[in-house]
Amino acid sequence: MPTKKAVTSAAHKRRGLTTGLNLGEKLGVGLGLIVLIFGAVWMLLPLVWMISASLMPLSEVIKVPPVWFAPDKYSLANYMEVWSRVGFSRYFFNSAFVAVTITILQLLTSAMAGFAFARYDFPGRNVIFLIILATMMIPFQVIMIPLFIMMARLKLVNTIWGLIVPSMVTAFGVFLMRQFMMGVPRPLLEAARIDGASEPYIFARIMLPLCKPALAALGIFAFLGSWDNFLWPLIIINSQKLWTLPIAMSRFTEQYIAQTHLQMAGASIMFVPILVVFLAMQRNFIEGIALTGLKG
Amino acid sequence: MSSQATGSEVRKQRWSRQRRRETAWAYAFLTPAFFFLVVLLLFPIIFAFWISLHDWSLIPRPTPFIGLENYSTALSDALTIKSIKNTFIYTIGAVPISLALSLLLAIVMNQDGLPLRTLFRTTYFIPVITSWVAVSFVWIWMLEPRYGLVNAFLRLIGITGIRWLASPQWALPAIMLVSIWKGLGYNMVLFLAGLQTIPRELMEAARIDGANRWQSFLNITFPLLNPTIVFLTVTAVIGSLQVFTPAVIMTTVQGEAGGPINSTRVMVYHIYSMAFRSNRLGYGAALAFILFVIILVITIIQLRLTQREFEYA
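Taken in sequence, the protein lines are chains Y and W. According to our numbering, the residues represented by the first sequence are 3 to 298, in order. According to our numbering, the residues represented by the second sequence are 3 to 315, in order.
By construction, these hints were calculated from the structure, which means they are not laboratory data. Here a beta-carbon is modelled for each residue, glycine too, at the ideal position from N, C-alpha and C. Treat the hints with care, since some could be wrong.
[Unchecked claim] Here are some chain Y residues the structure puts well away from chain W; computed CB gaps all over 10 angstroms:
#1 Val186
#2 Arg207
#3 Pro215
#4 Gly221
#5 Arg285
[As the list claims (entries may be wrong)] So the derived label-pair ranges between C-beta atoms look like this:
#6 Gly185(Y) to Leu204(W): 20 to 28 angstroms
#7 Ala207(W) to Leu190(Y): 33 to 41 angstroms
#8 Leu121(W) to Leu190(Y): 35 to 43 angstroms
#9 Ile303(W) to Val43(Y): 36 to 44 angstroms
#10 Trp52(W) to Trp70(Y): 50 to 58 angstroms
#11 Ile133(Y) to Glu24(W): 19 to 27 angstroms
#12 Val255(W) to Leu135(Y): 40 to 48 angstroms
#13 Ala282(Y) to Ile303(W): 19 to 27 angstroms
#14 Pro98(W) to Pro202(Y): 45 to 53 angstroms
#15 Phe224(W) to Val43(Y): 27 to 35 angstroms
#16 Glu24(W) to Val43(Y): 31 to 39 angstroms
Taking the hints into account, I'd like the entire structure generated from these sequences.
Here you go:
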């Protein structure tokens with residue numbers, strides 16, 4: 003807390019500047035713009051360079067000083083090579099299948115559990131919720147070894163379901179959906195029941211449409227988490243035909259050492275689809291994430 | 003009288019039938035999530051502790067019980083200590099810088115009359131959605147000593163010869179740099195959301211009272227932003243202690259990660275390497291439990307410390 007004296011002296015100073023206040027604000031905005039533009043350049047530069055390099059032949063990529071843009075040399079040759087010869091078409095499909103399946107399963111299980119907590123009073127409600135909250139604190143690294151042994155017993159090692167099963171439910175998802183559904187007014191659901199709607203109908207037709215922002219946020223998290231997952235596929239997958247994109251990226255570079263142009267094409271294949279989806283729905287995207295931050 | 007009694011009884015009966023029906027539905031909706039959380043999270047953590055007490059290997063052979071031997075081996079192993087140290091250095095280096103920078107950017111972005119706010123927010127968020135694996139490969143080449151853009155820039159201002167990922171001294175800071183770059187947008191978006199919940203009247207009142215920007219930041223923004231700061235600090239520290247992908251991908255040389263003289267060997271890589279490459283599952287499980295305890299203790303300390311800060315008023 004500033005002392006009274008400090009406050010009054012500051013007030014005097016301020017009053018002296020009152021006429022210039024707008025100018026001061028403008029200065030602040032101008033300075034802010036410079037900082038933000040400088041930062042934005044650094045945010046984008048590596049990614050722009052990645053895409054630029056993915057379109058150039060290797061000879062251009064490794065020039066000193068670095069060539070940033072060479073539009074006359076651009077071609078899709080690197081993509082063709084990575085996609086068909088290195089086999090990224092298959093890895094892309096694997097990654098997409100796993101990510102979509104995980105997203106659907108997580109949304110379904112989380113929404114159902116969230117609905118149970120938000121909608122009903124049942125014996126054990128608080129205890130079960132506390133148990134679920136507690137599992138949120140378990141780091142994946144602690145359970146990956148037992149999970150691997152369990153998957154081995156179930157003969158799921160080196161299968162696509164071995165990739166999917168451990169991520170099909172998350173405590174975070176249940177928590178998020180519960181928090182959001184608690185905010186839905188109960189009379190709305192009661193009214194539906196008086197009208198004779200069944201419970202699954204109330205869940206699917208009334209509750210879920212009201213939860214679109216939370217479902218969108220959770221869906222994004224689930225999809226990106228799976229798309230980006232590196233550690234678990236590294237453990238559970240051996241055969242090349244089951245590689246996901248992250249594994250493929252790390253492995254194929256062992257064979258194609260220093261083939262930067264191909265690496266950048268591979269990285270772009272991972273990046274561009276996500277970017278397109280992001281730009282298409284970026285407002286929901288960012289607001290959904292801000293939502294999870296505040297509620298989480 | 004009697005009719006009244008039966009009436010309430012019927013109501014009670016109906017009510018309890020209703021309640022039973024609701025309970026049945028609740029369990030039906032809850033079962034998939036709860037069943038799999040128990041099977042995939044709760045059981046494994048108990049199983050993990052059990053494994054950590056054994057000499058457990060992937061090869062089908064007897065797994066003798068060895069008590070806490072894995073733990074004592076781990077804590078007296080120089081490589082384990084090194085990996086814990088690296089993980090701490092990474093966390094202490096990356097988290098405060100990332101949070102301070104993103105708070106600064108959020109405040110700048112929250113100014114009245116700032117144009118293109120949405121565009122900036124989107125731009126800063128793009129690295130967040132980019133896959134860690136892709137990011138790691140891009141930055142391997144950004145940081146390449148000869149061809150990379152970072153050293154090209156540094157040459158412009160007269161700094162030459164930093165070998166980044168090939169240097170024991172710079173490899174870990176290089177990974178911090180990349181994770182700061184990648185995480186900035188996420189922190190900034192959450193800070194921005196927090197800043198927008200601060201009532202404008204408060205700032206106006208402070209200004210009328212003659213507080214300058216720094217004073218209102220210190221006395222209004224900072225305390226009111228406390229929940230966001232606590233949330234981001236705690237989650238960022240937890241995340242940093244579990245760092246894996248960039249450390250592994252950016253410093254893998256001929257199939258071996260860990261960097262020059264193990265300077266980027268982090269806890270999670272150490273666990274992975276011991277369990278799945280050296281085939282010592284029991285030892286790996288013990289290491290994982292050590293990481294778990296470290297995370298738990300640090301999180302509790304942080305929450306305690308920040309709770310005290312809540313009593314500023």
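Would you pick out the hints that fail for this structure and give their numbers low to high?
5, 13 and 16
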